Amino acid sequence: MTALLACSGLTKRFGGLVALDGLDFAVAQGETIGLVGPNGSGKTTFFNVLTGLYSPTSGAASLDAVDIFGKSPQSIGRAGVARTFQRCRLMLDQTVFDNIALGVLRAKPLGLLSTLFRRGRLRADLDATIARAHQLACRFNPQLGAALFRPAGDLTMIDRRRVEICRALIANPRLLLLDEPSAGMTPDETRRLMDDLLAFREEAPHLAVVLVEHEMDVIRRVSDRCVVLNFGRKIFEGLFDAMIEDREVQTAYLGSGQ
Amino acid sequence: MRSTNLDAAIATGAPPQARSLPGTAAAILVPLAAFGALAGLLQVHEQWETGLLVLAFLAALVLLDRSRAGRSLAEACRTQSGIASTSAVLAALALLWTFREDHYSLLMVATVALYAVAGVGLNIQMAFGGIANFAAAAFFSIGAYTAAVLAGHTGLPHLLVLAAGGVVSALIGVVMLLPVLRTRGHYVALVTIAFGVLLRTLLEVNDTFGGPQGMKIPGFAPFGSDFGDVATIAGFDVSFYLPYALAAAALFALAFLAGRMLERSWVGIAMDAVRTDEIAASAFGLSPARWKATAFLTGNVLIGVAGALYGMMNGFVNPNGAGFGESLIMLSIIVLGGLGNFWGAIVAGAVIIILPEKLQSIQEYRLLIFAVVVIAILRFRPGGILPRPLRTLGRQQGGAS
Ligand SMILES: Nc1ncnc2c1ncn2[C@@H]1O[C@H](COP(=O)(O)OP(=O)(O)O)[C@@H](O)[C@H]1O
Ligand SMILES: [Mg+2]
Numbered sequence: 001m002t003a004l005l006a007c008s009g010l011t012k013r014f015g016g017l018v019a020l021d022g023l024d025f026a027v028a029q030g031e032t033i034g035l036v037g038p039n040g041s042g043k044t045t046f047f048n049v050l051t052g053l054y055s056p057t058s059g060a061a062s063l064d065a066v067d068i069f070g071k072s073p074q075s076i077g078r079a080g081v082a083r084t085f086q087r088c089r090l091m092l093d094q095t096v097f098d099n100i101a102l103g104v105l106r107a108k109p110l111g112l113l114s115t116l117f118r119r120g121r122l123r124a125d126l127d128a129t130i131a132r133a134h135q136l137a138c139r140f141n142p143q144l145g146a147a148l149f150r151p152a153g154d155l156t157m158i159d160r161r162r163v164e165i166c167r168a169l170i171a172n173p174r175l176l177l178l179d180e181p182s183a184g185m186t187p188d189e190t191r192r193l194m195d196d197l198l199a200f201r202e203e204a205p206h207l208a209v210v211l212v213e214h215e216m217d218v219i220r221r222v223s224d225r226c227v228v229l230n231f232g233r234k235i236f237e238g239l240f241d242a243m244i245e246d247r248e249v250q251t252a253y254l255g256s257g258q
Numbered sequence: 001m002r003s004t005n006l007d008a009a010i011a012t013g014a015p016p017q018a019r020s021l022p023g024t025a026a027a028i029l030v031p032l033a034a035f036g037a038l039a040g041l042l043q044v045h046e047q048w049e050t051g052l053l054v055l056a057f058l059a060a061l062v063l064l065d066r067s068r069a070g071r072s073l074a075e076a077c078r079t080q081s082g083i084a085s086t087s088a089v090l091a092a093l094a095l096l097w098t099f100r101e102d103h104y105s106l107l108m109v110a111t112v113a114l115y116a117v118a119g120v121g122l123n124i125q126m127a128f129g130g131i132a133n134f135a136a137a138a139f140f141s142i143g144a145y146t147a148a149v150l151a152g153h154t155g156l157p158h159l160l161v162l163a164a165g166g167v168v169s170a171l172i173g174v175v176m177l178l179p180v181l182r183t184r185g186h187y188v189a190l191v192t193i194a195f196g197v198l199l200r201t202l203l204e205v206n207d208t209f210g211g212p213q214g215m216k217i218p219g220f221a222p223f224g225s226d227f228g229d230v231a232t233i234a235g236f237d238v239s240f241y242l243p244y245a246l247a248a249a250a251l252f253a254l255a256f257l258a259g260r261m262l263e264r265s266w267v268g269i270a271m272d273a274v275r276t277d278e279i280a281a282s283a284f285g286l287s288p289a290r291w292k293a294t295a296f297l298t299g300n301v302l303i304g305v306a307g308a309l310y311g312m313m314n315g316f317v318n319p320n321g322a323g324f325g326e327s328l329i330m331l332s333i334i335v336l337g338g339l340g341n342f343w344g345a346i347v348a349g350a351v352i353i354i355l356p357e358k359l360q361s362i363q364e365y366r367l368l369i370f371a372v373v374v375i376a377i378l379r380f381r382p383g384g385i386l387p388r389p390l391r392t393l394g395r396q397q398g399g400a401s
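Protein sequence lines, in the order shown, are assigned to chains V and X.
Counting in full-length UniProt numbering, the first sequence runs from 1 upward without gaps.
Counting in full-length UniProt numbering, the second sequence runs from 1 upward without gaps.
It is worth saying that the hints were derived from the structure and are not from the lab.
Just so you know, these numbers come straight off a predicted model, no measurement behind them.
It is possible that some hints are incorrect.
Said to hold, decoys possible - Negatives, chain V to chain X, calculated, CB over 12 Å:
no. : residue
1   : G15
2   : L17
3   : M91
4   : K108
5   : L148
6   : A183
7   : D188
8   : R225
Said to hold, decoys possible - Now the stretches of chain X that chain V is said to cover, found in silico as 3 or more residues with beta-carbon under 8 Å:
no. : region
9   : 38-48
10  : 280-287
11  : 380-392
As the list claims (entries may be wrong) - Simulated DEER-style distance windows between Cβ atoms:
no. : chain 1 : residue 1 : chain 2 : residue 2 : range
12  : V       : L116      : X       : I279      : 22 to 32 Å
13  : V       : D64       : X       : I279      : 23 to 33 Å
14  : X       : S332      : V       : T11       : 47 to 57 Å
No residue lacks a Cβ here, since even glycine has one placed at the ideal position from N, Cα and C.
Taking the hints into account, I'd like the entire structure generated from these sequences.
Right, here's the structure in full:
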């Protein structure tokens, strides 16, 4: 199986701190990888480097043979990478639709003159995007679809996460990066969100997913393969059962008080 | 298939929209009442009358917010904004016609309208783009100085002179701002403050543009004849300020429509995204620097055009108008009116520009009363007199605005 995402020797330094240390990482089309590691081990940094928010120090990264190493967030997004954030990053004063639409904005005509003078095209485009956003939102929760024009700040935590995921999905990405989607949710909400994710997975079999998650039951349930980071280095890669048996993984977690 | 989804979206996603008869009546009456109050304010002479009007205004604001009837009135105006806007336009025209011979009132109304045009520009910069522009009056004056140079020394048609005021103001603004657009936080605000001070001082000490005396500006003559020479319209005696007030109102209508169209589009979402969260916006491919520059440039065009017409109406421009205090007044207007609400700039403009004039005879308490009114409003309505409404896009939105 050829890799969709291929990273080698990916390194990110913050001054003297090596947050990501020569990471080799590959994801195949349609694969779900559980990315685990104690707090501060570099998982979020990895996502930030991959999506172009941080510029990497050295290494290489490509998505389906397109070089994405050190590229701008715009071009990486265009190549097909979308993400959610560990701390929910929504426009709480704006509507659910506005938030989801952010995911496709870069593909829209954003010129001032076309906005002022081509209202017909804009209206048709808006209607089509509203329909698509509604369809996505309903797939996760019909009530969320009904709340498309409510402020995102009115939503529960789990619905906010769903909006973030819809925002990432609406552009039809090939690689989806989920950074602790269950943070701040109850075990029951986490289970429901993972149900949603698995159901969506069935419909989009080619989508590759990297999921950062602390809850081992969740990782066991949704991931095909696991990667463990510690101090920015990959200390394990393989199947879930092997991971929980692994000595180094156990000490990494115990050592950091997890 | 797609239209089924769309209908579902419209059926389920739309806010409740009661196009009831009482709702329509409310959407017609609220703007009428507002302009009626403005007419009252222009008319009053006695201090106690002014005081009564201010109290009534504050009471109306509290009722709109705190009583169920008030809230449904406000809601009706929001859901039927097309009807409310039409009613407002007609009420404004009626008001102008009523005061058609009154120089002073028309001058104040035209000033409020032109400050509101600048307010639309400032709103695009601050409420949408997230850039606090503390040099609005400086850019307003740049528009006026441009008019002084172009209308005074070239034969350029005056409509183009207005446009040039906007373009020059936008260009100078972007040159000033480009170096700091990538920085976050308050740097941009500091740079605008410094720019305003710099511009005013430069105009004062340098004689190219008339030094402290400033420059004369010819009257606005868009179709050949000077507005200043107009004495009758359709057989009625009118003040020469009437055509200016009408032009100012028309300019506000244009600025309002353009601003509204930008807000209710991908552009509006992009600006909101960049302002609220630069990191999320970047991750989805938006360039914060580009959008801040766009907001600033667009806003400055409106500020510059408004300044050009204001200069032509007054017949002169001098460096005083470019000062920091004037810029603060412009900012207060949009904050008091409600950040992101263009009508708010008219209402707050009336409070901030006309009210102090009406309190002339109690000189010593004038600013005190004025300050208390502003604080009282913001105390009860932190979002301003007319807070920005939620943007609901798509076909379920009835009127154009
Ligand atoms: N912008 C930054 N500047 C400096 N250090 C950072 C920055 N972002 C992350 N780090 C550091 O990099 C390390 C990895 O952090 P992070 O990727 O957030 O870990 P995780 O997501 O696995 O909990 C931590 O030591 C963190 O303090
Ligand atoms: Mg993290």
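Now the hints, each set against the structure:
no. : hint                        : result
1   : G15                         : holds (20 Å)
2   : L17                         : holds (20 Å)
3   : M91                         : violated (4 Å)
4   : K108                        : violated (4 Å)
5   : L148                        : violated (4 Å)
6   : A183                        : holds (16 Å)
7   : D188                        : holds (25 Å)
8   : R225                        : holds (25 Å)
9   : 38-48                       : violated (count 0)
10  : 280-287                     : holds (count 8)
11  : 380-392                     : holds (count 3)
12  : V:L116 / X:I279: 22 to 32 Å : holds (29 Å)
13  : V:D64 / X:I279: 23 to 33 Å  : holds (26 Å)
14  : X:S332 / V:T11: 47 to 57 Å  : holds (51 Å)
Hints 3, 4, 5 and 9 from the earlier list are contradicted by this structure; the remaining hints agree with it.
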